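Visitor: Throw the hints in and build the complete structure from the sequences for me.
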Amino acid sequence: FTLPSGWSVSPSLLSYSTIQKSSNSSVLTTLTIPRATSPGSYTITLRANWTNSDNGLGTNTSSITVTINSNPVLDVVETSVSFITQHGRFNSTNITLNSTGNAAVNSISMNCTGSICSTFGIVFNPSSVSSLSAGSTQPVNISFTVPIGTDPATYTATINATNTTYFDNASLSIETPVNRSWSPTPSSISSSMGVNNALDVGTITINNTGNIHTNFILSLSGNGTSSTTLNASSVNVSKQSTGAVKVTYN
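If you're matching positions, the sequence shown starts at 297 in the numbering used here and goes up one per residue.
Read the hints as simulated data drawn from the structure, not as lab findings.
As the structure is a prediction and not an experimental result, all values here were calculated from the model.
One should not assume that every hint holds.
Ranges between beta-carbon positions, derived for each pair [claimed, not checked]:
#1 417 x 340: 51 to 57 Å
#2 346 x 433: 46 to 52 Å
#3 320 x 350: 16 to 22 Å
Note that beta-carbon positions come from the ideal geometry of N, C-alpha and C, so glycine has one too.
Guide: The structure is reproduced here in structure tokens:
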């Protein structure tokens, strides 16, 4: 065989037993064409040598034309992308577009399908690729921000890379864990009073900055607890809300 550069056949030498007049014989060989071979027509030349019945030698050549069609193929290398991201936090990563065919993939657009695409503000950079030549890759950054107060759960969407003919996608998963953060305002209270007087020391605001409803159990400690009272033993505070407790000294 005489082959185009990089092509191969296996087996490359084909052997036949005696072939009688007006009969034929066949042997199977496998032709391997390299990935991303450019579209076009290619010639394979076959040379046959044989021995005649009178021990004379014969030879012949013939050719086969192989036509490679244009075959653009777009691949998102990652089949899935996963994050664990707290509410109110930004996160990002890269995915890779791969042109695995033998011709350029043109006019590629990135988009997202799913309810969180808008609520989490999912952004692609770049959001489009004008042309991706055969065998080349292109990183695309995906970024988002989980809104403050988002319920703890796992949220899903689909990442799409498309043009008018070809597409591929990857699944997107964003886990937002439980957050029980909170803070008191003020963090301390100081006050003075006369003997045998009752005093409203002040009000403490409990800021629930987490992403779940929380029941705060209230108690006192220290050497002034016998004369100090709270107006509640517990306060239920919704996520991203406030509750209050009044402190009185008798």
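Visitor: Now look at each hint and say whether the structure bears it out.
Guide: Comparing the hints with the structure gives:
1. Range check, residue 417 to residue 340: Cβ separation about 55 Å, and the 51 to 57 Å hint holds.
2. Checked against the hint of 46 to 52 Å, the pair residue 346 and residue 433 passes, with Cβ atoms roughly 49 Å apart.
3. A beta carbon spacing of about 21 Å between residue 320 and residue 350 agrees with the range 16 to 22 Å that was offered as a hint.
Taken one by one, the earlier hints all hold for this structure without exception.
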